[in-house]
Each structure stands twice: as C-alpha cells, then as structure tokens.
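**Student:** Protein chains in written order, with full-length UniProt numbering: chain G, 1 to 112; chain S, 1 to 289.
These aren't lab readings, by the way, just hints derived from the structure by calculation. Heads up, some of the hints might be wrong.
Unchecked claim - Label pairs and their in silico Cβ distance ranges:
id	chain 1	residue 1	chain 2	residue 2	range
1	S	ARG205	G	ALA11	24 to 34 Å
2	S	VAL30	G	VAL45	41 to 51 Å
3	G	GLN67	S	VAL30	24 to 34 Å
Bear in mind that the values here come from a model prediction, so they are computed numbers and not experimental data. Positions of the beta carbon are idealized from the N, C-alpha and C atoms, including for glycine.
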Amino acid sequence: MQQELKKSLSAAIAQFNSKRSQLLQAAFQSGGQDAVEKLEQEYDVLRDAYFEILQRELDENNHLYKQLTDQAKTEADNLTKSIKQLNNINDIINLATSVINLVGRILIVLGV
Amino acid sequence: MKPKLAFLLFLLLTSCSSSKIIELGGKTSVKGAEVSQKALDVYSVLSNQAAIDKSQQDKLKVLTNPSPATMPLPNTKAKDFSNQLSPRIQAYKSLMAVYAAFALLTDSKYADKTEQAVSALQDSYNAISKLPDLPDVVKSKLPGVAKLITGSIQAKKIRAHNEILYALSQAYLSLWKADTSTWEEYIDLIYNSYADGLNTVDSKRYDAAKIAQDIKEPYKDEATIILMYRLRNRDEIMKQKNDTRKQLNDLGKALEELTLAHAEIAKEKPDLSTIISSLNRIEELLKTK
Numbered sequence: 001m002q003q004e005l006k007k008s009l010s011a012a013i014a015q016f017n018s019k020r021s022q023l024l025q026a027a028f029q030s031g032g033q034d035a036v037e038k039l040e041q042e043y044d045v046l047r048d049a050y051f052e053i054l055q056r057e058l059d060e061n062n063h064l065y066k067q068l069t070d071q072a073k074t075e076a077d078n079l080t081k082s083i084k085q086l087n088n089i090n091d092i093i094n095l096a097t098s099v100i101n102l103v104g105r106i107l108i109v110l111g112v
Numbered sequence: 001m002k003p004k005l006a007f008l009l010f011l012l013l014t015s016c017s018s019s020k021i022i023e024l025g026g027k028t029s030v031k032g033a034e035v036s037q038k039a040l041d042v043y044s045v046l047s048n049q050a051a052i053d054k055s056q057q058d059k060l061k062v063l064t065n066p067s068p069a070t071m072p073l074p075n076t077k078a079k080d081f082s083n084q085l086s087p088r089i090q091a092y093k094s095l096m097a098v099y100a101a102f103a104l105l106t107d108s109k110y111a112d113k114t115e116q117a118v119s120a121l122q123d124s125y126n127a128i129s130k131l132p133d134l135p136d137v138v139k140s141k142l143p144g145v146a147k148l149i150t151g152s153i154q155a156k157k158i159r160a161h162n163e164i165l166y167a168l169s170q171a172y173l174s175l176w177k178a179d180t181s182t183w184e185e186y187i188d189l190i191y192n193s194y195a196d197g198l199n200t201v202d203s204k205r206y207d208a209a210k211i212a213q214d215i216k217e218p219y220k221d222e223a224t225i226i227l228m229y230r231l232r233n234r235d236e237i238m239k240q241k242n243d244t245r246k247q248l249n250d251l252g253k254a255l256e257e258l259t260l261a262h263a264e265i266a267k268e269k270p271d272l273s274t275i276i277s278s279l280n281r282i283e284e285l286l287k288t289k
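Isolated chain G, as found in the complex (with noise of 0.2 Å):
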C-alpha cells in the first residue's frame, strides 16, 4: 500500500515538474498569482507526503541503530577490559622488578 502511494506520488511530482512552467502560465492566467501560489502548494503537498513515507521507512529502523550503539559501546568497554588486562602483564613483571630492587636495597642498607 504505502509503496504505491509512493510509486502514485513520485509519478505526479515528475508530472508537474516536467510541464511545471505551462501549468503554473495555465493557472497565473486563470487566477493570478493567487492561483499560482496555491497550485505550487499542493506541490509541496505532495513532496511533503513523498518524504513522509520516506522517514517512516527509516524510522522503522531507528530502533536498531539505537540497539546498535548499545552493543558497539559493550563492545568498546570489553575492548578496554581486555587492553587493562594486557597492560597488567607488564604492570606485574614492572612490579616485581620494584620489589627485587627493594630488596636489593634492603640488603645493602643491612650489610647482608
């Protein structure tokens, strides 16, 4: 249904525009301006009702990007879990080097 509005909508825009001088010549001579302006608002109309159709297929999908950034920021924060966890090995070799130097030290302050 809504794909052949879609299709009915996008077939009179095209209609218009490709004699949009002579129809809006047709309407200036039969009303004026006057004439002229309303015949470019149901125009607008119908542009307006094409991007309607056109955001409501996209908002069909809205919900599942805002799914999307919810996993790619889990994602992100394991990733940072895992680099933590990574830097620890060498946080731990960089700590028993502390000690042994401590110890080192401890030593000659005792004269051992």
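Once you have looked at the hints, place chain S on chain G.
**Tutor:** Same frame as chain G, but now just chain S:
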C-alpha cells in the same frame, strides 16, 4: 630436555601465527575506523540535502513563475530528516570508538614491553650480589619467551574480539542495506525535481550575451548558446545526484569488505590474501569520490 625443546618449538610456531593475527588485526582496525568515518561523512552529505533542496525549489519557483515582478519571495519548507539521521550518526560514532579501542589492542608494543620488562627484572635480580646469578640459558631466552607468551595472549584476545566485530559489522551492513533504497529515492526526488522543473523554464529568461561572456564554446546563434548552457546545467545536476548515490553505494561495498575481512580473521586458519584483498578494496572504495 626434550619437553623444553618441544615447548620452545610450540611457542615459536604460535608466535608466527600470533604476529600475523596482531598485524592483520591492526590493519583491519585502521580500515574499520576509516569506514566508520566515511559513514559519518555520507550522513553529513545527506543532512545537507534539505538545505540544497530548499534552495533549488526556491530558485525553481522564481524561474517558473509567470510574473516574477509580482510574486512574493519564495520560502519552501524543506523536510527535516534530523530525527532519522541522528540515531544513525550516533551508531557510527560508537563504531568509530570500537575501532579506536581495537587499534590499541592490536598494538605490537605489548610483547616488546614484556621483553624489556623481563630483561629489566633479570638485571635487577642479577644486581643483587647475594643471590645466585641466573643460568645463561635462562638469561638469554627468558625475555624472548615472555614476549612470545604475551604475543600469544594478545592474539587470542584479538581473535575473540574479532569474532564480535564480525557480528557487529554484519549488523551494520544489514541495516545499511535496509536503508539504502530509501536514501536513493530521497536523493533522486531532490535532484530529478530540480532538473525536470528547470527544463521547463522559458528560454526568454536567459540572456545569451551574458552566457557567451563566461564560455569559450564556438556557438553563434542565441538559441544554441542557451541550449548548450541548459545542457551543461542539467549535466551538473545529474552529476551531483550520481556522485551522492555513488558515495552511498561505495560505503555499502566498503562495509561488505570489512565484514569479509573480520570473517576471515575469525577463521582458525585465516587466508592472508583474502584479508589483504578486502583491505585493499576498502582503500580503493574510500579514496574514490
């Protein structure tokens, strides 16, 4: 002695595949960030379309009005797509953050730092004269072995995260595919409306003498000069439309290649050439406009 040799041989073999995974993971993270940025650029182009459409429709209203002297200044209301664009932009910003974190995980510095840290640990230990020195074999091999172990842990983590990234990029791709035809229809309507309407503008509205001042083409009669000008205008509008559509299309292909690269790295025995080919293809797709 034999178990020791077997262990070292195992570590060496693991190290080759680990360094390959780390290297490919790093390259894929760079391309993933570039694809995310390209998506944000495409959404920026799409968000500019409302203003372009308004300007084009206002121009058309002036050029096709039978009595411009008596018409009010046109002010077409463009349809605002920001509610549709916003969740999509947010999703790709999050994807960008994922690849920034993945790039840190694939950094080759971790294993090198372990090697340096173990060397420093050995030096500290040996500096204590009261303690017996480490045997030479241990002294020479330990930093390298520690480096291999860290590399192996890192590669394991990269592989595990790559599987999640594969699922994630697949989800982004399928949503992109679901949206593409709608965005194409949006672009088509904007530019086709303008080009079609402009085709109907009365030739009397154009000043052939002014057009001739700006062009170097060898036409003499006014009708030809005006027609050639209108042809050029129409071609420019169609080029703008096709360039925008191509950007949409190329982003879809780049997402597909990114998913392929993740799928391959996730395999037990990844095919290096398939991954490199996907990454090269992404580069080509992103550099062409």
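**Student:** With 24 to 34 Å as the target window, see if GLN67/G and VAL30/S comply at their CB atoms.
**Tutor:** Since GLN67/G and VAL30/S have Cβ atoms about 26 Å apart, the given range 24 to 34 Å holds.
**Student:** So the hint says 41 to 51 Å: do the beta-carbon atoms of VAL30/S and VAL45/G match that?
**Tutor:** Given range 41 to 51 Å: holds, Cβ gap about 48 Å.
**Student:** At the C-beta level, are ARG205/S and ALA11/G separated by a distance inside 24 to 34 Å?
**Tutor:** holds (27 Å)
In summary, this structure violates none of the numbered hints.
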